[in-house]
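Let chain U serve as the given structure and place chains E, V and F on it in line with the hints.
Number of protein chains: 4
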Amino acid sequence: MRYLTIRELRTAAENMPFNKLIGVRVKRRHADGVTIECVMRDELRNTAGVLHGGVAATLADAAVGIALASHFGGRRACTTTDLKINYLSAVAQGKLIARSHLLRIGKKLCVGRVDLTDGQGKLIAVAIVTYMLL
Amino acid sequence: MRYLTIRELRTAAENMPFNKLIGVRVKRRHADGVTIECVMRDELRNTAGVLHGGVAATLADAAVGIALASHFGGRRACTTTDLKINYLSAVAQGKLIARSHLLRIGKKLCVGRVDLTDGQGKLIAVAIVTYMLL
Amino acid sequence: MRYLTIRELRTAAENMPFNKLIGVRVKRRHADGVTIECVMRDELRNTAGVLHGGVAATLADAAVGIALASHFGGRRACTTTDLKINYLSAVAQGKLIARSHLLRIGKKLCVGRVDLTDGQGKLIAVAIVTYMLL
Amino acid sequence: MRYLTIRELRTAAENMPFNKLIGVRVKRRHADGVTIECVMRDELRNTAGVLHGGVAATLADAAVGIALASHFGGRRACTTTDLKINYLSAVAQGKLIARSHLLRIGKKLCVGRVDLTDGQGKLIAVAIVTYMLL
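Residue numbers (my numbering), protein chains in the order written: chain U, 1 to 134; chain E, 1 to 134; chain V, 1 to 134; chain F, 1 to 134.
One should not assume that every hint holds.
One copy or two, it doesn't matter: identical chains are merged, so the pair holds either way.
To be verified - No farther apart than 30 Å at their CA atoms in a straight line, the calculated lysine-lysine pairs in the DSS-like style are these:
id, residue 1, residue 2
1, 20, 95
2, 107, 122
3, 27, 95
4, 122, 20
5, 108, 95
6, 108, 122
7, 95, 122
8, 108, 27
9, 107, 27
10, 107, 95
Hints listed in this document are in silico derivations from the structure and should not be mistaken for laboratory results.
Same shape as in the complex, but just chain U:
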């Protein structure tokens, strides 16, 4: 079995249309997950001028999906079945960084936890995401 190089993983993830619209960047690959990020820009704000909750949810979803692509070498199709995110603090500027940890890789279901931090390392949200292997 051949694994994806970090460059291949990055290309696959960053060219997914919605990830591209948001501006998702793959930063690192870890033993149990990945670190991805996006940079705040005006299009990602809500009425209060801070990062829209949907952007953080998108990053949480992507951080687990990309970790699974890395784990399976991109050879297993999968789809999100549930996502839960708790918002702890608002992000007004800078980066939003999502670090996923795969907690369970089953025959049908895979579960990951995602810690989302700002550029200063402050925890701003935490998520649990489930994917079903197809």
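Just chains E, V and F now, with coordinates in the frame of chain U:
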């Protein structure tokens, strides 16, 4: 107390930067919530070519936020504290419609349920979203 | 295929050890789910003297599990994979009633929503529960 | 401000009626949370003969509640507002151990993550629980 007209509500919601990027449209106001939608386009797709889970999460978040803006006449600032969404089916084309039902309007916390359907009325996701009044 | 009678369903559900400890009773079978309940007693209280959140979570879990037992005639083993509950109001006495609605019955995953009310019909919690068929 | 001794914390937590019914034991206090556990017994089983999901949900809820009692010295009343738990593996016997980590202690809302393991240290569930300070 003056309520927002549907036109004012629509203008406020649709001009929020991230809602605009996604293409959120406010369709109807109900006694207990709102109906909003977005139309599928290539930028909203994931690797599998279907609607990215982050778009559905964004619509769920927005459907409760806009319902609260309608309920409070836009005079109460609030922020999402938790969002949970279960994906039931994929959306390949057409519309994604989100109908929110406010279940609790408390002094601090407000909770809404959101049923997400495609253009044929098929239930494709269900969400529960909590907002904290600031 | 033979369906369970309501008596068979009741016997199976109410004799499950933990359901028995809590005092779960099966009240009605609906086209899309079931109604179950338990009666408040001192053992089910928390420090504040109201119903412990774990009891409501247990009822939510059971309401979907029993609905699936009813749907499949008790012939499909299944296990809870995720449960999310939002507490809207405290219950100090009387009944806790859980009405499940099966939203999706898939080949692998089944999802149900549960509305939990007190004896006066007040919504006190809402849950979404996923089961995996084994 | 006087903190609770571990003995006081244990007494308060273990005498809460529902915790007592389940058999919750407080094992350790950490800088950011607590470790609690319960021992499997027949009354806690479901139809499949393994630990009922409601027991794990109860432990998750309790692990965050007891961590907050420890943090605030038992002087702040609080109530669970949402709980989400993902079940990763079944527990057939032995202990269920819940280790909470307080992620956010706000003026209104407190959020904790709970890792649930069996007696061999295998991760069997993960939860996120929110409490509102009253």
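Each hint tested on the structure:
1. Within a single copy, residue 20 and residue 95 get their C-alpha atoms as close as 16 Å, and across copies as close as 21 Å, so both meet the 30 Å cut-off.
2. In this homomeric assembly, residue 107 and residue 122 come within 30 Å of each other (Cα to Cα) only across copies, at 17 Å, whereas the closest approach inside a single copy is 35 Å.
3. When the C-alpha separation of residue 27 and residue 95 is checked against a cutoff of 30 Å, the pair qualifies only within one copy, where the shortest distance is 12 Å, while the shortest distance between copies is 33 Å.
4. Taking the shortest Cα distances, residue 122 and residue 20 sit within 30 Å of each other both inside one copy (25 Å) and across copies (28 Å).
5. Taking the shortest Cα distances, residue 108 and residue 95 sit within 30 Å of each other only across copies (26 Å), while inside one copy they are farther apart (33 Å).
6. For a Cα distance limit of 30 Å, the shortest separation of residue 108 from residue 122 across copies, 19 Å, qualifies, whereas the shortest one inside one copy, 34 Å, does not.
7. In this assembly of identical chains, residue 95 and residue 122 lie within 30 Å of each other by CA distance solely inside one copy; the values are 11 Å within and 34 Å between copies.
8. Within a single copy, residue 108 and residue 27 get their C-alpha atoms as close as 28 Å, which meets the 30 Å cut-off; across copies the closest is 34 Å, which misses it.
9. Taking CA atoms no more than 30 Å apart as the test, residue 107 paired with residue 27 passes inside one copy only; the shortest distance there is 28 Å, against 34 Å between copies.
10. Within a single copy, residue 107 and residue 95 get their C-alpha atoms only as close as 35 Å, which misses the 30 Å cut-off; across copies the closest is 26 Å, which meets it.
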